[in-house]
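Chains as they are written, first to last, in this note's numbering: chain F, 1 to 617; chain P, 1 to 80.
Quick caveat, the hints were computed from the structure, so don't treat them as lab data. Among the hints, erroneous ones may be present.
Stated by the list, open to error - Taking lysine-lysine and the DSSO-like style, the derived pairs with C-alpha atoms no more than 27 Å apart in a straight line are:
#1 F:186 <-> F:83
#2 F:352 <-> P:69
#3 P:46 <-> P:69
#4 F:43 <-> F:31
#5 F:157 <-> F:31
#6 P:46 <-> F:31
Stated by the list, open to error - Here are the in silico distance ranges between beta carbons for each label pair:
#7 F:211 <-> P:51: 41 to 49 Å
#8 F:183 <-> P:13: 18 to 26 Å
#9 F:386 <-> P:10: 50 to 58 Å
#10 F:231 <-> P:51: 14 to 22 Å
#11 F:133 <-> P:13: 57 to 65 Å
As the list claims (entries may be wrong) - If you only want the chain F side, here are some residues facing chain P, beta carbon under 7 Å, derived:
#12 64
#13 101
#14 103
#15 201
#16 203
#17 214
#18 220
#19 228
#20 231
#21 312
#22 316
#23 426
#24 429
#25 430
#26 434
No experiment lies behind these values; they were computed from the predicted model shown. The beta-carbon is built from N, C-alpha and C at its ideal position, and this holds for glycine as well.
Residue-level listing of the chains:
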Amino acid sequence: MTGTPPLVALVGNPNSGKSSLFNALTGARQKIANYPGVTVERKSGRTALPDGRPVELLDLPGAYSLQPDSLDEAVTRDVILGKLAGQRRPDALVIVVDAGNLDNHLRFAIELIGQGLPVVIALNMIDLAERDGLEIDPTVLADELGVPVVSTVAVRKRGLDRLLIMLAESLSKPRLQEDEATESRKQITERAHRIAKRAIIHETQGRQWTRRLDAILLHPVGGVAILLALLFVMFQAVYGWSEAPISWIEAAFAALTNVINAQMPDGLLRSFLTDGVIAGVGAVVVFLPQILILFLFILILEATGYMTRAAFVMDRMMAAVGLSGHSFIPLLSSFACAIPGIMATRSIMDQKERLATILIAPLMTCSARLPVYTLIIGAFIPAQNIGPGIGLQGLVLLALYLFGILGAMLAAAVIQRFVTQSRSSSFLIEMPRYQLPRLSDIALGLWQRAWVFLRRAGTIIFVASMILWALLSFPKVPAGSTQSQVEYSIAGNIADVIEPVVRPIGFNHDIALALIPAMAAREVAVSALGTAYAIDATDEEQAAMSLGPKLAAKWSLATALAFLAWFIFAPQCISTIAVTRRETNGWKWPIFMVTYLFALAYIAAGATYWTAIALGL
Amino acid sequence: MQLDDLPLNSHARVQTINWAAIPESEGHRLRSLGLEEGVEIEALHKGILLWRDPIAVRVGRMRIALRRKVASAISCELVA
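Turn these sequences into a full structure, and let the hints steer you where they fit.
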């Protein structure tokens with residue numbers, strides 16, 4: 001034991017304010033990783049006891065009991081019982097209990113106390129309980145449960161000192177024996193209710209803020225309107241606010257490239273640095289503004305308690321295709337980027353529904369498709385109004401989004417019916433009280449999610465960019481050859497193989513060539529087409545300006561429309577495939593996903609092409 | 001009276017739950033959320049548009065949302 005600080009696990013029901021308490025105790029010094037062998041996030045951090053001894057804190061996933069019904073809850077149980085390989089058993093537990101929901105949270109607390117580990121109870125969110133008209137006596141709780149109880153308000157950092165004092169005391173006591181005669185579930189429930197009744201010494205009606213807000217936000221008509229308005233603002237922000245930072249990032253990377261070009265002689269190393277490393281890192285970082293804005297909205301909506309209400313409002317519509325309100329948030333995130341969307345599916349209890357949601361997430365029109373859509377629409381769709389204030393170009397863009405959603409709904413229905421063979425989806429969720437989030441919790445959450453994105457997606461996009469650079473750079477075109485480097489390269493040769501396959505759906509050799517580097521990220525298709533048409537452009541926007549007229553001259557309208565249809569469905573994103581492999585623990589589902597999406601893309605592009613030809617476009 | 005017929009803002013007590021009519025995982029979660037025989041409940045909100053599904057119910061001191069299909073397996077009696 002010497003050397004390793006004691007391990008203390010924070011455990012409690014979902015919505016007990018456990019993570020806020022963890023943040024308040026550890027500050028920003030947190031480590032996020034995965035538990036060995038599972039994709040459940042492991043959050044740990046350090047804090048110091050009053051005597052200066054360090055302790056390692058572990059923020060266990062929220063659970064309702066030690067009989068798990070999700071992967072997260074199974075991890076919580078296994079860690080507490082010391083059964084998770086590669087994770088030592090905690091030396092003590094801090095049980096976090098919502099003071100405003102004693103009846104329910106005490107059941108889990110009683111079950112946990114029975115495990116024999118030294119325990120301190122944090123009677124959390126005592127201020128909200130008081131706001132709701134409850135007056136609670138912690139000494140009654142401590143007497144009844146036989147363990148120390150400390151009142152805390154994690155978000156205001158109240159009660160933390162006393163909590164640490166009690167924790168230090170508990171850690172110095174010898175470990176108790178596990179209760180031999182474990183109580184039945186019914187006995188535990190009855191005991192929890194009895195203790196809650198005794199501990200609550202006074203109860204008035206309170207202000208009932210949550211109920212009043214719910215009357216508006218869950219209104220059968222008004223609630224839908226509010227959600228739609230909120231989504232509108234969110235999308236406006238994701239695309240509008242990110243424009244400036246994205247252009248700064250692009251300018252910074254362009255400047256860096258220029259510096260290297262000016263300082264280094266032309267050669268393989270320079271090409272590796274500029275076209276490989278900088279282009280690769282840039283491709284990752286350029287997504288950050290949109291992802292951060294989206295995460296900011298999602299974190300705020302989660303912290304206030306509104307997210308479960310959004311799920312409530314959307315549930316019935318999602319049920320029509322075999323999903324539920326639980327799938328709504330992950331799919332919403334996927335409009336910015338499928339990677340955070342797929343990571344957000346962890347909150348879905350039903351494993352079949354979770355799988356179906358992962359498989360359709362790439363059909364939501366992510367931000368990487370926009371540069372491609374903008375280029376083709378700008379080049380081929382006339383900028384005319386077909387009605388007052390209704391532009392044809394905007395209408396086509398909207399149609400592309402809608403086809404994506406429609407495709408996803410159809411795919412979900414088919415997948416739930418035939419692949420996962422789910423009989424019916426389920427929706428059963430706790431709706432927490434509304435509360436004002438603490439700014440530092442949001443900031444910390446934002447930082448953590450950005451970091452996780454950069455590390456997981458970043459490494460993959462980076463490696464993929466390296467490989468693509470190599471494919472496009474080798475072998476070197478001999479001096480005096482009439483062929484371009486791109487066509488002479490390995491990628492060019494692959495394009496020769498792909499071309500006959502995609503010719504029936506109206507694609508030419510240049511498109512076949514552009515599809516290869518676009519596997520890294522869809523928007524690369526734009527710069528790849530730029531290269532193919534030998535246009536010297538440093539960023540996508542610049543490429544789009546001069547590329548548009550060239551495309552309009554070289555491609556038929558039918559080809560352009562087929563190209564758009566292809567990008568609605570095609571899984572042109574290595575990062576998404578890699579994240580799917582991670583989250584489904586194997587290659588089976590990513591391979592299934594890629595196959596069905598390519599098939600859909602091929603059929604959609606072909607149907608579009610031949611319909612357009614038949615219509616004489 | 002079944003829970004899905006319970007008028008909004010009326011208080012009731014859960015009498016019996018037909019566990020056989022509820023998929024096992026949902027039954028388990030229902031118990032985790034404290035919705036069991038004998039507990040005091042109140043219907044709070046019903047879902048959007050004409051579906052009026054799912055429904056939000058107060059169970060003790062917490063609010064949960066559940067679908068009508070599950071709610072129809074829960075019998076309760078009104079309390080004053």
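Hints versus structure:
no.: 1; hint: F:186 <-> F:83; in the structure: 26 Å, holds
no.: 2; hint: F:352 <-> P:69; in the structure: 19 Å, holds
no.: 3; hint: P:46 <-> P:69; in the structure: 13 Å, holds
no.: 4; hint: F:43 <-> F:31; in the structure: 6 Å, holds
no.: 5; hint: F:157 <-> F:31; in the structure: 21 Å, holds
no.: 6; hint: P:46 <-> F:31; in the structure: 42 Å, violated
no.: 7; hint: F:211 <-> P:51: 41 to 49 Å; in the structure: 22 Å, violated
no.: 8; hint: F:183 <-> P:13: 18 to 26 Å; in the structure: 24 Å, holds
no.: 9; hint: F:386 <-> P:10: 50 to 58 Å; in the structure: 53 Å, holds
no.: 10; hint: F:231 <-> P:51: 14 to 22 Å; in the structure: 19 Å, holds
no.: 11; hint: F:133 <-> P:13: 57 to 65 Å; in the structure: 22 Å, violated
no.: 12; hint: 64; in the structure: 3 Å, holds
no.: 13; hint: 101; in the structure: 5 Å, holds
no.: 14; hint: 103; in the structure: 5 Å, holds
no.: 15; hint: 201; in the structure: 15 Å, violated
no.: 16; hint: 203; in the structure: 10 Å, violated
no.: 17; hint: 214; in the structure: 6 Å, holds
no.: 18; hint: 220; in the structure: 5 Å, holds
no.: 19; hint: 228; in the structure: 11 Å, violated
no.: 20; hint: 231; in the structure: 15 Å, violated
no.: 21; hint: 312; in the structure: 5 Å, holds
no.: 22; hint: 316; in the structure: 4 Å, holds
no.: 23; hint: 426; in the structure: 5 Å, holds
no.: 24; hint: 429; in the structure: 5 Å, holds
no.: 25; hint: 430; in the structure: 5 Å, holds
no.: 26; hint: 434; in the structure: 11 Å, violated
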